[in-house]
Amino acid sequence: MLDSGFVKTDSQPIRPVDRSRIVLADPPPPKEEWVLTPESFDGLLAWLDPNRDHAAEIYEEIRSGLIKRFRQLGCQDGEDLANETFDRVAKKLPQIAPVYKGDRAPYFFSVAYYVHKERQRKPVVKSLTNDDSSSEELPDPNPWYDNDDDDRDDELLDECLKQCLERLSHSNREMILQYYRGERNVKIKLRKELAAQMGIKVGNLRLKAQRIRVDLKKCILDCMEAKAST
Amino acid sequence: MTEHSQDETLLRRYLLGQLSLEEQVQVEARLFLQDEYEQLAEAVETELIDDYAYHDLSETERQEFNDHFLARSDRHEDLRIARALKRFVNSQPEVINPLVAQPTDTRNVSPFPVQVGFWSRMRNRSPAAMALAAGVLIVFFVIIWFIFQSARKEREVPFQAQQPRPAATELPSREPVQPQDEQVRNVDKPAQNQGSTGQNERYRRPRSKRSDEALEVSTPPNGSGLVTTATFIIPPGDFVRGEANMPVVSISSETKAVALKLPVPENDSSQEYRATLQSRSQTIYTWSRLTAEADEEIGKIVLMKLPSKLLHEQTYIIKLRGMGNPTEVNYGFQVRKR
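Sequences listed follow chains A and B, in order. 1 is the number of the first residue of the first sequence in this note's numbering; add one for each residue after it. 231 is the number of the first residue of the second sequence in this note's numbering; add one for each residue after it.
If you're looking for bench data, these hints aren't it; they were derived computationally from the structure. Any given hint could turn out to be false.
In the DSBU-like style, the derived pairs of lysine-lysine whose C-alpha atoms are separated by at most 30 Å in a straight line are [to be verified]:
1. A:LYS217 with B:LYS316
2. A:LYS218 with A:LYS162
3. B:LYS530 with A:LYS162
4. A:LYS68 with A:LYS101
5. A:LYS117 with B:LYS316
6. A:LYS187 with B:LYS316
7. B:LYS539 with A:LYS227
8. A:LYS208 with B:LYS486
9. B:LYS316 with A:LYS162
10. B:LYS316 with A:LYS189
11. A:LYS201 with A:LYS218
12. B:LYS530 with B:LYS549
13. B:LYS316 with A:LYS218
14. A:LYS192 with A:LYS162
15. A:LYS217 with A:LYS189
16. A:LYS189 with B:LYS549
17. A:LYS201 with A:LYS162
18. A:LYS192 with B:LYS549
19. B:LYS549 with A:LYS201
20. B:LYS316 with A:LYS192
21. B:LYS486 with B:LYS530
22. A:LYS162 with A:LYS117
23. B:LYS549 with B:LYS486
24. B:LYS486 with B:LYS567
25. B:LYS486 with A:LYS201
26. B:LYS530 with A:LYS201
27. B:LYS316 with A:LYS208
Predicted model only: the values in this text are computed from it and were never measured.
This is chain A alone, in the form it adopts within the complex:
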């Protein structure tokens, strides 16, 4: 059975008690934010399966899977993000349907991947509110890399990198410097040697280096932001 919150026949928007979905029977003018209409929702169900009841089952299955995964990823508003995912698919459906030949369910998870990434990138300003403006794009919190003044930025970046490397533990700092030493075959050979010295596989060495790189990047971005604000 389809989520009752999704389909509404009168023109007055009603927010379901579980906040699962609002469908406007009278959609706003085109210049307004895109919202799911009964027609686009029907189109979405038809794309899932020609049999509407079966499509509704698939829809619910995908929705519950999305909510569960969003919550696993630490998103308290998993239902809102699942709805956002369906909205995006429904919006793109006219372009997707003619060209996409694969299984339908992965497509929703694929879109959910981007929804989650965007959530990670921008701060939550109005979580769990009824104000749809929370989905508006926010300015990039780290715009330093778009600055054209490359030389000055490079100096700043080098300075921050140096500071952040010094903050690493001695062994991590030495490891990361060894890891990035050399080029092409020399680099590969050095990495194999480093992994052998540390008693780990090259793959694990790479993951370890990756973790250090993630920490390093965070430190550098914080440093750049702090320096840019002073």
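Since the structure of chain A is already known, use the hints to place chain B on it.
Below, chain B alone, put in the same frame as chain A:
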């Protein structure tokens, strides 16, 4: 090709925009659903950026990188960080990996990290400068040798090996001033006290067959400081229930270096070992390629050396693992400074 490398190849093609819509959807669905797959993707992404920064991509890949990969603005910052890292690494002198630093002389410990840019710098010097430097070095070492020899003759202090390690069950107390309670024994005490009673009793080990020898010192009397390495035997055990039975490493102000003997099972066939010194779960230093050696009193040991200034009054744990051996052995101890 392994499953793992197939995944990597697919992710690399995905990041360069080489996949069909259906393949792309499959990859992104997995990225959303599988944490490990996303971690792998992050590593592949970082490698791709590094390959671009190091000019390791083909011309086609480079073009795809510019057109597709860099379309996402947040990747520009990753690329700039990769380039900055490359600049930094290239600006650094060549450093021998201190993870493999392996001291061999108990009387001298190299400070960390081991910087060895000297010979590479010397290669660019003229022969005359090299000869002059060699001459100065020879004279310097001869002078040091004469000073050492004359001091040794004057004092006639024997340097003796430390005694066998008491078993953990024999050494219940952590108090460093009571010899029968020590699990680790300090060997840098003045020789003038040996064999007497009272204060010097702390260096005795009553159950030892060679108790007199066991309590000998390895530094001259009056703290002349010629020998500044203290050797300790640390029995296995991580002492998770507290510090009560934890061996004490007692360091005097004259001690410049500390040598730690870690007994390993005789049947351990590992050729090399890796050791990590930790305190409060923080890794302080890591040694790799340590080799086991035979100690005539204890048996098979791994010897680690470190500057005493690296150690503070707190508890430490050394995690030792033989290469190819999954079992990690812990050696806990606490440091007291005198």
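So, going through the hints one by one against the coordinates:
1. A:LYS217 with B:LYS316: Within the cut-off at roughly 14 Å; holds.
2. A:LYS218 with A:LYS162: 14 Å, holds
3. B:LYS530 with A:LYS162: 42 Å, violated
4. A:LYS68 with A:LYS101: 26 Å, holds
5. A:LYS117 with B:LYS316: Holds: A:LYS117 and B:LYS316 sit about 28 Å apart, inside 30 Å.
6. A:LYS187 with B:LYS316: 12 Å, holds
7. B:LYS539 with A:LYS227: Violated, at about 35 Å.
8. A:LYS208 with B:LYS486: This hinted pair is violated, its Cα atoms lying about 34 Å apart.
9. B:LYS316 with A:LYS162: 12 Å, holds
10. B:LYS316 with A:LYS189: 17 Å, holds
11. A:LYS201 with A:LYS218: With a Cα-Cα distance of about 26 Å, the restraint between A:LYS201 and A:LYS218 holds, given a limit of 30 Å.
12. B:LYS530 with B:LYS549: With a Cα-Cα distance of about 17 Å, the restraint between B:LYS530 and B:LYS549 holds, given a limit of 30 Å.
13. B:LYS316 with A:LYS218: Between B:LYS316 and A:LYS218 the Cα gap is close to 18 Å, so the pair holds against 30 Å.
14. A:LYS192 with A:LYS162: 26 Å, holds
15. A:LYS217 with A:LYS189: Answer holds: A:LYS217 to A:LYS189 is near 26 Å, not above 30 Å.
16. A:LYS189 with B:LYS549: 27 Å, holds
17. A:LYS201 with A:LYS162: 28 Å, holds
18. A:LYS192 with B:LYS549: 23 Å, holds
19. B:LYS549 with A:LYS201: Between B:LYS549 and A:LYS201 the Cα gap is close to 19 Å, so the pair holds against 30 Å.
20. B:LYS316 with A:LYS192: 19 Å, holds
21. B:LYS486 with B:LYS530: Status holds; Cα separation ~25 Å.
22. A:LYS162 with A:LYS117: 29 Å, holds
23. B:LYS549 with B:LYS486: Holds. B:LYS549 to B:LYS486 sits at ~23 Å (cutoff 30 Å).
24. B:LYS486 with B:LYS567: Distance of about 12 Å is within 30 Å: holds.
25. B:LYS486 with A:LYS201: Given that 30 Å is the threshold and the Cα spacing comes to 36 Å, the pair is violated.
26. B:LYS530 with A:LYS201: Measuring from Cα to Cα gives roughly 28 Å; hence the hint holds.
27. B:LYS316 with A:LYS208: Between B:LYS316 and A:LYS208 the Cα gap is close to 18 Å, so the pair holds against 30 Å.
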